[in-house]
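Residues per chain are reported as follows:
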Amino acid sequence: MSFFAKLGSDSDSSSSSGSDSEESILSGDEGIAQDRKLAEAKKTKNKASMFLRSDAEDSDEESEEDSDEDEEDLSDSEDERAARGNKFLMGADSTDEEEEEEDKTIVLSAKDKRFAEMEAAIHNITNATRNNDWVLASTELDKVFRFIQRHQVTVVATTVSAAGHIPPRFLEILVSLEKDVNETIASEKSAKKKMAPAKAKALNGLKQTLKKKQKEFEAVLKTYIEDPSAYTAAYEAANAAPAPKKVAKKAQIADGGEDQDQNEDFMTIGKGGKALNLTPEGVFKTLREIFEQRGRKNTDRAETIKILSKLLEVSETTYQKIRVLLALVPARLDYSQNLAHIPHDSWVLGLNELDQLVTLLLDNPDYVVQETVGEYDDLVEREPQVVNGKKERVTVAGSLISLLESLDNEFTKTLQHTDAHEKGSDYIERLRQEAPLYTLIAKAQSLFEREAITDSTARAVIRRLEHVYAKPNIIIEHFESKIPSSLQSKIVPTETKRDAEGLIHDLCVYIYGSDAPVLRARAILFHIFNHASHGRYHQARDLLLMSHLQDTIQHADVTTQILYNRAIMQLGLAAFKLGYVTECQTILGDMFATQRQKELLAQSVQRYQQQLSPEQELIEKRRLLPFHMHLNVELLEAAYLTSCMLIEVPLLASVDTEEQRRRVTSKVFKRLLDLADRQAFMGPPENTRDHIIKASKALQAGEWEKARDLILSIKIWSLLENVDQVKDILAKKIQEEGLRTYLFTYSSYYASLSLSHLATTFSLPQQTVTSIISRMIYTDELPASLDQIDKVVIFHRVDQSEVQRLAQQLAERTSSLLEQNEKTLDLKLGSNQQNTNDQRSGQTTSAGQEGGNKNERRGNNGQRGSYRGRGGRGRGGFNAGLGSTMGRRVTAQ
Amino acid sequence: MAEYDLTQKLIPHLDRHLAIPLLNHLSDIAIFPAEQLAKAQYDLVKGTNMVDYVEQLHEQAKTGESRDFAKLREEATAKYQELQEKAQPVMKIDIDQINALYHFGQYQYTLGAYAPAANFLYHFLIFSPSLDLNISAHWGKLSSNILSGEWEAALVEIKDLRDAIDNPHGTSMAKPLAQLQARTWLLHWSLFVFFNLGEGQGCQGLLDMFLSPAYLNTIQTSCPHLLRYLVAAAIISRRAPRPAGTRGNRDHVKELTKIVQMEEYQYSDPVTGFLKDLFVDFDLNQAQKRLTVAESVVRSDFFLSGFADEFVENARWLISEVFCRIHRRIDIGELSKTLNLTNEEGEKWIVNLIRDSRMGVEAKIDLKENMLHITRPHATPTATLIETTRGLAFRSQAIQFAMQSSAGDSRGERGERGERGGRGGRGGRTRGGAPAREEVAA
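Top to bottom, those sequences are chains A and B.
Counted the way UniProt numbering counts, the first sequence spans residues 1 to 893.
Counted the way UniProt numbering counts, the second sequence spans residues 1 to 442.
These are calculated hints, taken from the structure and not from any lab test.
Treat the hints with care, since some could be wrong.
Quick list of simulated restraints, FRET-style, between CB atoms [what the hints assert, rightly or not]: (1) B:A383 with A:R671: 34 to 40 Å; (2) A:R671 with B:F394: 29 to 35 Å; (3) B:T77 with A:G513: 41 to 47 Å; (4) A:S752 with B:R355: 51 to 57 Å; (5) A:T586 with B:R355: 43 to 49 Å; (6) B:R395 with A:G513: 53 to 59 Å.
Keep in mind that this is a model prediction, so the values were computed, not measured.
Don't be surprised by glycine CBs; every beta carbon is placed ideally from N, CA and C.
Model the full structure from these sequences, guided by the hints.
This is the structure we're talking about:
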């Protein structure tokens with residue numbers, strides 16, 4: 001502010017003028033300044049930057065405003081001004097005395113500047129008429145008219161008597177111009193040479209305008225023509241009159257409604273209104289005015305915020321403060337409507353103010369903010385009253401929870417729009433505000449608890465959870481330590497010490513008890529995520545299974561679905577960390593089969609075949625999570641592919657037909673492996689994927705040591721908390737699976753293998769080798785048996801010839817077909833029997849009805865049959881396809 | 001042994017009266033300090049109206065607190081009289097009087113007169129229309145039956161309660177949480193019944209009930225310690241003659257292995273550990289070691305103590321079955337050691353095993369080498385093929401007949417049939433191809 005103000009004052013310092021009658025014309029000036037600003041804003045159609053533009057004109061308007069405000073403050077409450085005077089001291093003629101002292105920075109009041117402009121325009125007109133330049137004259141005259149119109153409007157609002165309304169210079173130019181025009185036209189008629197058409201047109205236009213204007217100002221003009229000097233004297237006398245009492249001014253402002261609409265807006269919001277009501281008594285009145293013009297098109301939001309923050313400073317009672325704060329915070333949040341997000345410092349202010357409000361309410365239990373309250377007069381100061389020995393609380397209309405939520409949303413927006421990579425320090429700077437925000441949420445929650453607003457409490461608790469669920473414990477503890485210990489809360493009593501896990505548990509349990517299903521689902525997901533991210537896989541899994549969320553998640557809203565995806569991913573990672581590779585593969589499989597992990601986790605907007613419309617893209621973008629919440633997709637992928645490797649490689653080795661190979665569970669892994677197979681030469685591994693695929697190849701070839709080294713050299717594991725543990729588990733798994741793969745692949749070449757040899761080859765204890773082989777034998781994976789005496793494993797593999805194998809396959813398929821047939825028939829017969837029963841019971845009814853029944857039944861059956869047929873084909877598609885190829889091959893043989 | 005004792009976990013889910021025998025058992029096997037037990041018993045009984053028993057325990061426990069037992073007895077008797085009078089005129093029936101039956105039954109129960117209590121509650125159940133009270137009465141009757149040893153009646157009661165819990169009409173039971181709690185209770189209470197019904201019926205009934213999805217979930221959610229009984233029952237009933245129409249026992253063990261593995265993080269004891277060693281890790285030595293611990297656990301367990309021998313026997317069976325299945329030549333000495341038997345006992349055991357021949361393998365003892373030869377018939381490809389295709393033709397024919405007869409029923413009603421028949425025909429052709437394939441294979 002002061003910077004702009006200074007700019008303005010510098011530019012104007014040369015053309016100083018007397019600031020004698022400052023006070024009297026202030027409101028008028030303000031009006032003009034605002035008007036100008038608006039007009040310009042319209043011209044540029046850039047409302048957003050209105051406030052920030054730094055061209056000299058604008059800035060000096062700003063300075064005007066500031067100075068004016070100061071002045072009003074001065075008159076309103078001396079001490080207030082004294083407190084804040086410094087802020088505006090730099091560029092403002094805050095008081096007459098001051099101005100005299102620092103004559104360097106004398107500023108023209110808007111009115112004087114305006115007048116100077118008018119003078120200049122009038123001067124131009126005189127020159128132009130002399131030069132016969134009617135085009136210029138016409139434009140200049142327009143300027144003058146525009147000025148006079150505004151001047152009139154503003155002046156009417158002041159107490160300046162009617163005589164002082166129209167400046168004599170204006171009337172003078174009107175008169176002289178008319179004379180000139182008439183003369184010129186007359187001379188033109190007689191002149192031989194015609195005027196340039198543009199000039200003639202301008203001249204005629206000028207004439208018309210003059211006529212119109214003359215009518216407008218007829219009365220004043222008449223007095224002027226009668227006695228110009230007398231009029232001038234009267235005008236000056238009127239304008240020199242001292243500033244009238246404020247009350248009078250105000251009355252006039254009210255009258256200002258008769259002016260044009262545009263101006264009316266300004267009168268209420270503008271200087272005059274503020275000036276009057278920036279007193280403790282006027283707080284409610286101003287508030288009402290602000291409420292009235294809130295949401296209108298031409299409202300200057302920045303201005304509103306400024307007024308409100310001033311109001312906050314002057315308000316004295318708790319009730320006033322609550323009211324003002326309730327208006328100020330939404331005003332700040334509203335500010336962002338045309339921006340991507342509100343400026344960060346503005347957000348911080350909003351945060352502080354809401355915090356102030358909540359603290360105020362916490363400290364004053366007699367005041368309560370509710371969404372539904374009884375009728376009350378919002379212009380009257382209210383205090384808790386004692387009725388029938390009971391203290392009645394003061395209820396104020398407002399929704400704290402929605403303020404809290406939009407503030408929280410703004411926080412997310414700010415982070416979304418800050419690039420964490422390029423503006424890392426900015427991002428961190430903003431992220432730092434999370435702790436105060438968290439404290440605020442905790443306070444609000446405590447307040448809602450006290451007021452027993454269950455709905456709001458649940459929402460606040462969810463917000464609180466949102467801030468902590470994905471954080472490491474140490475950060476949560478830091479957050480918690482910021483919360484004042486005086487805070488009362490039943491959900492999380494501050495007296496008892498608890499760790500982060502306990503905190504989340506307590507919060508979630510509260511939500512489980514509430515009756516909002518959406519919040520409940522989210523709380524469960526938060527809980528699952530938190531359990532999983534801290535390696536409590538079993539608890540997370542049980543919670544997920546008990547919640548039955550996987551059945552209903554398709555119908556949930558997108559945010560919950562994203563959360564679900566995140567929780568599931570975290571669960572998969574938790575399984576991996578504990579070495580449950582099978583579980584990890586199953587859990588992560590769904591996500592990685594889609595190839596859209598980032599999108600499903602709301603970490604980036606990706607486009608596929610269908611182009612997103614801009615709106616859609618915007619919606620998607622709004623859903624994106626801020627960077628610090630992102631899950632590491634690469635890590636997840638590494639975990640998934642490694643699990644796949646440990647499961648699929650032995651599986652691939654165990655099956656010997658191409659058809660069985662196709663049943664392999666993970667398509668993604670299979671595709672990568674096939675891709676690697678096709679490559680003639682495989683270079684050294686570069687990324688995680690390469691490492692894993694290369695390790696898989698090594699494992700397939702029985703080189704478990706190489707596979708282990710490759711897997712363990714993947715850098716991204718270091719992101720896991722328990723790296724060493726995970727690596728140990730992985731190494732062990734690779735050894736075991738290596739053994740299994742080896743047995744599957746090479747068992748057909750051996751009649752028997754010594755257990756001790758296997759043990760040394762895979763550096764596993766012999767006991768482990770024995771138990772692995774035992775399991776494989778017991779589950780019929782490996783046709784072999786152990787010889788306890790010789791300590792060898794004997795293979796019974798019987799090789800099938802191609803024909804035998806095919807025959808076996810065919811036989812199996814046939815028997816499954818038969819089973820299918822039987823099942824279908826059972827169903828059919830079952831329904832038939834039911835039908836006949838129906839028929840029998842229906843025989844008592846009339847024949848017509850029975851026919852109807854039959855038709856209906858037939859329809860039903862047809863539908864059901866066709867449905868089943870479709871289902872069967874869908875399910876059997878795999879088999880059917882193979883069946884036909886089989887058939888062909890058989891005939892070929 | 002104390003660390004494997006489940007009594008503390010069981011008691012929260014039991015009625016006061018049902019917990020009395022548990023504590024008595026504990027004082028019998030003396031694995032906890034006697035004073036503590038006496039104190040616990042006294043605390044437990046304090047809340048009942050069994051004044052004599054309380055007095056006796058009071059002396060045992062020697063707690064400082066003094067109570068006027070004579071007065072208590074008087075009060076109890078007076079109340080008894082009063083309720084008895086109310087319950088007498090049953091012939092003139094209205095709701096209050098029916099409820100008097102309930103209260104009287106309940107009071108008798110608290111006095112420890114279980115048989116009459118069961119009787120009164122039975123009558124109450126016949127008359128009463130109130131759902132909530134009925135459920136309560138069911139619980140009361142079950143408990144009375146258990147305590148008076150009427151196991152068959154208790155079994156019926158368990159079935160009734162199960163119906164009531166699974167199909168909650170009343171409001172109190174409809175909430176998932178209430179249902180979960182009721183199921184947990186029922187699971188615990190039913191332990192008394194099933195383990196007293198004997199090996200065959202009892203264990204089978206327990207497996208049926210505990211393995212039904214709803215109750216399995218309950219076990220996993222709220223009382224994983226019951227897995228011990230589940231596993232024990234599965235092992236014990238493994239060789240028991242199966243009642244007709246039930247599934248094979250093998251499934252139980254496999255299913256249980258999975259569950260045990262899944263719940264390992266929250267519950268494991270030697271009994272479940274044994275199953276895991278055997279079927280997950282296939283570590284026979286470890287399993288054998290675990291078995292000795294498990295045996296002592298079973299012996300000191302209230303419910304299982306009567307089945308310790310069966311348990312050990314069947315557990316050995318399991319071990320030897322697994323052993324034979326994966327080995328071709330077995331050192332008898334080694335096996336005997338694994339089974340925790342002497343060499344001679346082991347030999348006897350193996351002979352029995354072979355005689356029973358339930359293993360599906362041919363085994364011969366070579367005494368000279370002191371080893372067991374197991375020859376498993378390895379099916380030739382042709383044999384497997386024949387096995388797979390066996391009965392296909394017959395079954396298809398049966399389908400055909402069935403289709404014909406049903407088509408005769410509703411002839412001309414539907415056109416879709418024709419289409420279906422067409423497809424069936426194609427299937428038939430494929431089927432027809434199968435025997436031809438067999439020839440080629442042969």
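Each hint tested on the structure:
no., hint, result
1, B:A383 with A:R671: 34 to 40 Å, "holds (39 Å)"
2, A:R671 with B:F394: 29 to 35 Å, "violated (44 Å)"
3, B:T77 with A:G513: 41 to 47 Å, "holds (45 Å)"
4, A:S752 with B:R355: 51 to 57 Å, "violated (30 Å)"
5, A:T586 with B:R355: 43 to 49 Å, "holds (45 Å)"
6, B:R395 with A:G513: 53 to 59 Å, "holds (57 Å)"
Comparing the model with each earlier hint shows violations of hints 2 and 4; every other hint is respected.
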